[in-house]
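**Q** Residue-level listing of the chains:
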Amino acid sequence: MNQRTINPWTWQDQLGYAQGVLVEQPQQTLYAAGQGSMDSDGNLLHDGDVAGQAAQAMDNVETVLAEAGMTLADVVRYDIHATDLQHYFMNGHEQVAKRFAQAGNIPAGGIATEVPGLAVPGMAFEITVIACR
Amino acid sequence: MNQRTINPWTWQDQLGYAQGVLVEQPQQTLYAAGQGSMDSDGNLLHDGDVAGQAAQAMDNVETVLAEAGMTLADVVRYDIHATDLQHYFMNGHEQVAKRFAQAGNIPAGGIATEVPGLAVPGMAFEITVIACR
Amino acid sequence: MNQRTINPWTWQDQLGYAQGVLVEQPQQTLYAAGQGSMDSDGNLLHDGDVAGQAAQAMDNVETVLAEAGMTLADVVRYDIHATDLQHYFMNGHEQVAKRFAQAGNIPAGGIATEVPGLAVPGMAFEITVIACR
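Protein chains in written order, with this note's numbering: chain L, 1 to 133; chain U, 134 to 266; chain X, 267 to 399.
Keep in mind that a hint or two might mislead.
Label pairs and their computed distance ranges (CB to CB) [to be verified]:
| hint | chain 1 | residue 1 | chain 2 | residue 2 | range |
| --- | --- | --- | --- | --- | --- |
| 1 | X | K364 | L | W9 | 21 to 27 Å |
| 2 | X | G308 | L | D47 | 31 to 37 Å |
| 3 | X | D305 | U | H220 | 37 to 43 Å |
Calculated directly from the structure, the hints in this document are not laboratory data. Bear in mind the structure is a predicted one, so any value in this text is a computation, not a measurement. Note that CB positions come from ideal geometry on N, CA and C, so glycine has one too.
Generate the whole structure from the sequences, applying the supplied hints.
**A** See the structure below:
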């Protein structure tokens, strides 16, 4: 598979995402469920702590990717839903951006949106990813 | 096409979705518009009844899939938007989960999120799907 | 690549989207970041003007597509997030629908949803697209 980052501008470079990722004929595409701050029994962790929730959600993204034989380097797009989006950007987004940076990958940014509620009361953050290899 | 369910955990098994679906080189991918509780003329049905809306929306998902030569068994990811998410989980989600179960398919769960409003006043529920064959 | 419009009904014809797009073995798939009314330095334009924001966002979609060697004709699905969805439909959606119409393309409609907030304060509209060629 060939993968190319699409960035007509530079302002997004410090925000941890790309304006697009162009994928050519992947062998595999992973459609992953949204990941929040759940433990392995499905209980919410880090209630009230968006940085902790983002870090745990990224752990879970990695676990799902690993089960599919993939890593964070294979993610082509991620979407963010947060119950307080500006609070997330100031306190939680670094947990997401640095993990992709450590994997040497800058996925397309999809949507980052504020929402009134997520699947489980207390969830402040959820990330969905699509990965290709 | 080869399709593999990705579930590093078990807690999601009773919720009607998988943590991921890994797709290998599909012949066809269907990007479907979000489906709500519309009749064939585009009028909203089941105002105030989220279970009725979810059932009708699933009928419409099946109609769109059929027009593309597909069935619910081909859906790899679904996303839920509801104006009252906890009310939907308690009263409407069974309509979604059982239809996929009847088709012998457990798609990736995408995002399930609460939203202040959908395209048509009175819409309480909308589902988007991606299907591969 | 072969691409087929899926429309079991006709009521959506005047709304600028299709119920589905069926894609066969694309050479390339572009996962694009959500586009809002940003200038090339990342500053928000047209604060308080949803039609202006939609037009500028569509310019940006075209710029991202062009960087990937694509045009609006290659978009297979678009999703709309707006802070006032009915206001957007009445005042901004024409800017989106006419641009796709001019490109001779009717993508799948994905989700159109109201949200309390988007990435930058003042953003009233954001569009995400997936394109295939």
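**Q** All hints are to be evaluated individually against the structure, with a verdict given for each.
**A** Tested hints:
At about 25 Å, the CB distance of X:K364 to L:W9 agrees with the hint of 21 to 27 Å. At about 33 Å, the CB distance of X:G308 to L:D47 agrees with the hint of 31 to 37 Å. For the pair X:D305 and U:H220, the supplied restraint of 37 to 43 Å holds, since their beta-carbon distance comes to about 41 Å.
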